[in-house]
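Enquirer: Using the sequences provided together with the hints, build the complete structure.
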Amino acid sequence: MGVIGAGNIGSEICRRAMSFSMTVIAVDPVRREVTGVVPEVWPVDRLSDLLTDSDFVVIAAPHTPETIKMFRTEQFRQMKPTAYLINIGRGAIVDLDDLTAALMDGTIAGAGLDVFEVEPLPTNHPLWKLENVIMTPHVAAASPRIAERHLQTLLDNIRCFVTGEAPSTLVDKRRWF
0 MGVIGAGNIG SEICRRAMSF SMTVIAVDPV RREVTGVVPE VWPVDRLSDL
50 LTDSDFVVIA APHTPETIKM FRTEQFRQMK PTAYLINIGR GAIVDLDDLT
100 AALMDGTIAG AGLDVFEVEP LPTNHPLWKL ENVIMTPHVA AASPRIAERH
150 LQTLLDNIRC FVTGEAPSTL VDKRRWF
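Note that numbering that gives the first Met the number 0 has the sequence shown beginning at 0, numbered continuously upward.
It is worth saying that the hints were derived from the structure and are not from the lab. Values in this document were obtained by computation on a predicted structure and should not be read as measured data. There may be inaccurate statements among the hints.
Each pair of labels, with its calculated beta carbon distance range [to be verified]:
(1) Leu129 <-> Val161: 47 to 55 angstroms
(2) Asp48 <-> Arg15: 17 to 25 angstroms
(3) Ala140 <-> Trp175: 15 to 23 angstroms
(4) Val170 <-> Arg45: 22 to 30 angstroms
(5) Phe160 <-> Asn131: 23 to 31 angstroms
(6) Thr51 <-> Arg158: 41 to 49 angstroms
Beta carbons are placed, not taken as given, at the ideal position from N, Cα and C, and that holds for glycine.
Expert: Structure follows, in structure tokens:
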């Protein structure tokens, strides 16, 4: 499995894949390892290596100026024809027309999509009719424990503020994440 974006969500995807004895590789612009899971996270310039090696490609990256339309026809052609694309990141990362063409002509085997370049996906879009696509309505993060997790994050960040530590979820607005 190849994972694009080894932040909190991508790292958890890596951990879960490892629990199924999958070989996991990842690319990320910042992170260089996922402790105990991926000893070497590759820089993004090795995306093509990840694509050619992976049976499943999971996008868990944020929407930034660098990731807009990161996946076009060229990237789908680098993937194995038996590979599946899973996008739980942001819809803007994958060109919708190029993905649709790749799925229809067999460039890739299939896709699991929680996000789309256009949301909601129009009711007449060809993806709705493809048997090699599983779609969910932008709910990959849905869980009955979300409110509890958000509260815990808030409390952890308040504790960090009070003790003079950096927040655990600090965002660098210059990088968009």
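Enquirer: It remains to establish, for every hint, whether it holds in the given structure.
Expert: Verification of the supplied hints:
no., hint, result
1, Leu129 <-> Val161: 47 to 55 angstroms, "holds, 52 angstroms"
2, Asp48 <-> Arg15: 17 to 25 angstroms, "holds, 22 angstroms"
3, Ala140 <-> Trp175: 15 to 23 angstroms, "holds, 18 angstroms"
4, Val170 <-> Arg45: 22 to 30 angstroms, "holds, 25 angstroms"
5, Phe160 <-> Asn131: 23 to 31 angstroms, "violated, 48 angstroms"
6, Thr51 <-> Arg158: 41 to 49 angstroms, "holds, 44 angstroms"
When held up to the earlier numbered hints, the structure conflicts with hint 5 and nothing else.
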